[in-house]
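Number of protein chains: 2
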Amino acid sequence: MATTSPPLTRPSLLDAHALIQPYIHLTPVLTNSTLNTLASSPSPSPSSPSASRPAHPTIRFHFKCENLQRIGAFKARGAFHALLRLKSSPTFTPSAGVVTHSSGNHAQALALAARTFSIPAHIVMPSISTPSKIAATAGYGARIIPSGSTSTEREAVVTEVIKETGAALIPPYDHADIILGQGTAGLELQAQVTPTRLDAIIAPCGGGGLLSGTALSCEGTGIKVFGAEPEFEGADDARRAYYSETGERIASVKTLTIADGLRTPVGAIPWSIIYERRLVAGMYAVTEDQIKAAMRLVYERMKIVVEPSAVVGLAVALYNEEFRAMVEKEGGEKGWDIGVIFTGGNVSLDALGKLFAA
Amino acid sequence: MATTSPPLTRPSLLDAHALIQPYIHLTPVLTNSTLNTLASSPSPSPSSPSASRPAHPTIRFHFKCENLQRIGAFKARGAFHALLRLKSSPTFTPSAGVVTHSSGNHAQALALAARTFSIPAHIVMPSISTPSKIAATAGYGARIIPSGSTSTEREAVVTEVIKETGAALIPPYDHADIILGQGTAGLELQAQVTPTRLDAIIAPCGGGGLLSGTALSCEGTGIKVFGAEPEFEGADDARRAYYSETGERIASVKTLTIADGLRTPVGAIPWSIIYERRLVAGMYAVTEDQIKAAMRLVYERMKIVVEPSAVVGLAVALYNEEFRAMVEKEGGEKGWDIGVIFTGGNVSLDALGKLFAA
Numbered sequence: 184m185a186t187t188s189p190p191l192t193r194p195s196l197l198d199a200h201a202l203i204q205p206y207i208h209l210t211p212v213l214t215n216s217t218l219n220t221l222a223s224s225p226s227p228s229p230s231s232p233s234a235s236r237p238a239h240p241t242i243r244f245h246f247k248c249e250n251l252q253r254i255g256a257f258k259a260r261g262a263f264h265a266l267l268r269l270k271s272s273p274t275f276t277p278s279a280g281v282v283t284h285s286s287g288n289h290a291q292a293l294a295l296a297a298r299t300f301s302i303p304a305h306i307v308m309p310s311i312s313t314p315s316k317i318a319a320t321a322g323y324g325a326r327i328i329p330s331g332s333t334s335t336e337r338e339a340v341v342t343e344v345i346k347e348t349g350a351a352l353i354p355p356y357d358h359a360d361i362i363l364g365q366g367t368a369g370l371e372l373q374a375q376v377t378p379t380r381l382d383a384i385i386a387p388c389g390g391g392g393l394l395s396g397t398a399l400s401c402e403g404t405g406i407k408v409f410g411a412e413p414e415f416e417g418a419d420d421a422r423r424a425y426y427s428e429t430g431e432r433i434a435s436v437k438t439l440t441i442a443d444g445l446r447t448p449v450g451a452i453p454w455s456i457i458y459e460r461r462l463v464a465g466m467y468a469v470t471e472d473q474i475k476a477a478m479r480l481v482y483e484r485m486k487i488v489v490e491p492s493a494v495v496g497l498a499v500a501l502y503n504e505e506f507r508a509m510v511e512k513e514g515g516e517k518g519w520d521i522g523v524i525f526t527g528g529n530v531s532l533d534a535l536g537k538l539f540a541a
Numbered sequence: 184m185a186t187t188s189p190p191l192t193r194p195s196l197l198d199a200h201a202l203i204q205p206y207i208h209l210t211p212v213l214t215n216s217t218l219n220t221l222a223s224s225p226s227p228s229p230s231s232p233s234a235s236r237p238a239h240p241t242i243r244f245h246f247k248c249e250n251l252q253r254i255g256a257f258k259a260r261g262a263f264h265a266l267l268r269l270k271s272s273p274t275f276t277p278s279a280g281v282v283t284h285s286s287g288n289h290a291q292a293l294a295l296a297a298r299t300f301s302i303p304a305h306i307v308m309p310s311i312s313t314p315s316k317i318a319a320t321a322g323y324g325a326r327i328i329p330s331g332s333t334s335t336e337r338e339a340v341v342t343e344v345i346k347e348t349g350a351a352l353i354p355p356y357d358h359a360d361i362i363l364g365q366g367t368a369g370l371e372l373q374a375q376v377t378p379t380r381l382d383a384i385i386a387p388c389g390g391g392g393l394l395s396g397t398a399l400s401c402e403g404t405g406i407k408v409f410g411a412e413p414e415f416e417g418a419d420d421a422r423r424a425y426y427s428e429t430g431e432r433i434a435s436v437k438t439l440t441i442a443d444g445l446r447t448p449v450g451a452i453p454w455s456i457i458y459e460r461r462l463v464a465g466m467y468a469v470t471e472d473q474i475k476a477a478m479r480l481v482y483e484r485m486k487i488v489v490e491p492s493a494v495v496g497l498a499v500a501l502y503n504e505e506f507r508a509m510v511e512k513e514g515g516e517k518g519w520d521i522g523v524i525f526t527g528g529n530v531s532l533d534a535l536g537k538l539f540a541a
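Going line by line, the protein sequences match chains A and B. Terminal number for the first sequence in my numbering: 541, no gaps in between. Terminal number for the second sequence in my numbering: 541, no gaps in between.
Don't read these hints as lab results, they were simulated from the structure. Some clues are possibly wrong.
Identical chains share a label here; the pair holds if one copy fits it or two copies do between them.
Said to hold, decoys possible - Computed cross-link-like contacts, EDC-like style, restricted to lysine to aspartate or glutamate with a CA-CA straight-line distance of at most 20 Å:
| hint | residue 1 | residue 2 |
| --- | --- | --- |
| 1 | K316 | E483 |
| 2 | K346 | E431 |
| 3 | K537 | D472 |
| 4 | K270 | E416 |
I would like the entire structure built from these sequences, with the hints used as guidance.
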């Protein structure tokens, strides 16, 4: 991308929010007393069996519902922000359009943002992507270019598209404008729970755009930010790197966790915020069963549709004994008000059926 | 029940609303432009194949989300109203408690209302009821009494419980206080879409408590009320009776429609409002596939959890060609603002899985 991005700070987030506000939904923040009670009881099943004395924290949840965001996920924030900034760049040729590769929510988000400004969007999608996601992206008027599924194969196709069309690349997470867009969810969440001051926010971590943006939104506020990942087949790359001796980012991950939005390794710019600038206070991981149990609670108790990736933060608060013990210790009797970002709701009923049919 | 009920009129509904307001949620009314567009296009699949020229109405939806009501369904309204009125009756002995038979949402609703006022609740539930529903009802502190599954078997157990305990019977729909409670959803819906005046409201019809209550809420307002039923295995008993020569209520139905809340035949008092007082302007039925298609749209586009019974009204507006032709004719170019009551969201992910797994 040809733009010069603003510094990665909380004030830049405020500017980003002002810029994208006309184009995104102010999604609601919901509470739920049943989930508070469950989280504030020791060891709700399916908990880690290793804990000798289950932790007993006091937790009040504030759920930021980005599953109700446009295109059904927070990705609309980053895509609108990146495109609005790009549009104001003198080197950008609108008729050449924009290009990205994504099999998921970023594809739809960029397609929507591009259509909004009548800019052509070229989206490189692996041929094995879910047909409904390809259809949804095409439905926003984007041109879909099929590719192989490895990142080398995808990137080769993107390079070709750029050569052909002169389109500007808008990557899914490893870019300052994207990070600043995603972080606006954290800003809104803080404002929406006033006058309560949140003690913490938990955000899932895939490429790290949302987590690092959220971390920026809390800088200097006293609110602690935590990252949540699936542990299946090493999907917890950021957690492993975070607690490693070298602190070196793990650049390659191959996992088929059900939290399909979190299969990507964390990007370099997000990592610099999460780890090097120490703006994330801890990383936690959960099992596939814990993700499914959290989904079940959200569907059956809150009656809203969330995709598996969306509930990984809730699963940490409910089932990760290390996290829970930390909240018990730091929150004491009063406990903690925890913001949890539900990142998206893009799951088909067929996919749900496969996940939960006996 | 020993109470003398108020007349079945709109003013009585206003009183009922004032009475129950502290105990129920003011559920949101949502709109959705994708669903408006779909409903306002000719013949969205899976439409009736018989239509020669598919109807082309203009429809703007206003969804009253009783799936977000307490206990996850509108039934909380009737149960609280009936219990509040019963409590004020001099012949009621609170310690003797209340009794009903239900395998569904009324059981949970009555259990919650009874617990709220520290009154014992005896709930007769067929042994074959879904374990999660039995557990949920017991979770509200009710005493569960198992029974056979036919209505004769259930009623025999209820009679026994009454003999034993002196409990007062609160039936699920065929009672004035229940009807007045359910009708408050219609009142709220009208107030929430101000200043737009609704042209019509569609409500599902099982026992008919909600449909008849909704009809009362619209009396004298100019808003037309329509009933929606599944057609599977004769579940459209009210529709068949409505258009029969004699207009006689069909008192027995045996259907296993996926819309499990609508398997009951319409009750006598609801029928007197729906048909004899002509407060319902028409009855329409939809297929199982149309119900599933409507569910899919609500999950994937609105991101909220609804049970199959909840979307039968939406399915009528999207797929019933007779209904659509009528809206096209009566609504003309301007079209209609239609209130649709989403009745409940009590479906387990396992049940969803079975419905939608390939």
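Outcome of the hint check:
Taking CA atoms no more than 20 Å apart as the test, K316 paired with E483 passes between copies only; the shortest distance there is 11 Å, against 25 Å inside one copy. When the C-alpha separation of K346 and E431 is checked against a cutoff of 20 Å, the pair qualifies neither within a copy, at 33 Å, nor between copies, at 74 Å. Within a single copy, K537 and D472 get their C-alpha atoms as close as 14 Å, and across copies as close as 19 Å, so both meet the 20 Å cut-off. With identical chains, the CA atoms of K270 and E416 are never at most 20 Å apart, being 40 Å at best within one copy and 58 Å at best between copies.
Going through the hint list in order, the structure does not satisfy hints 2 and 4.
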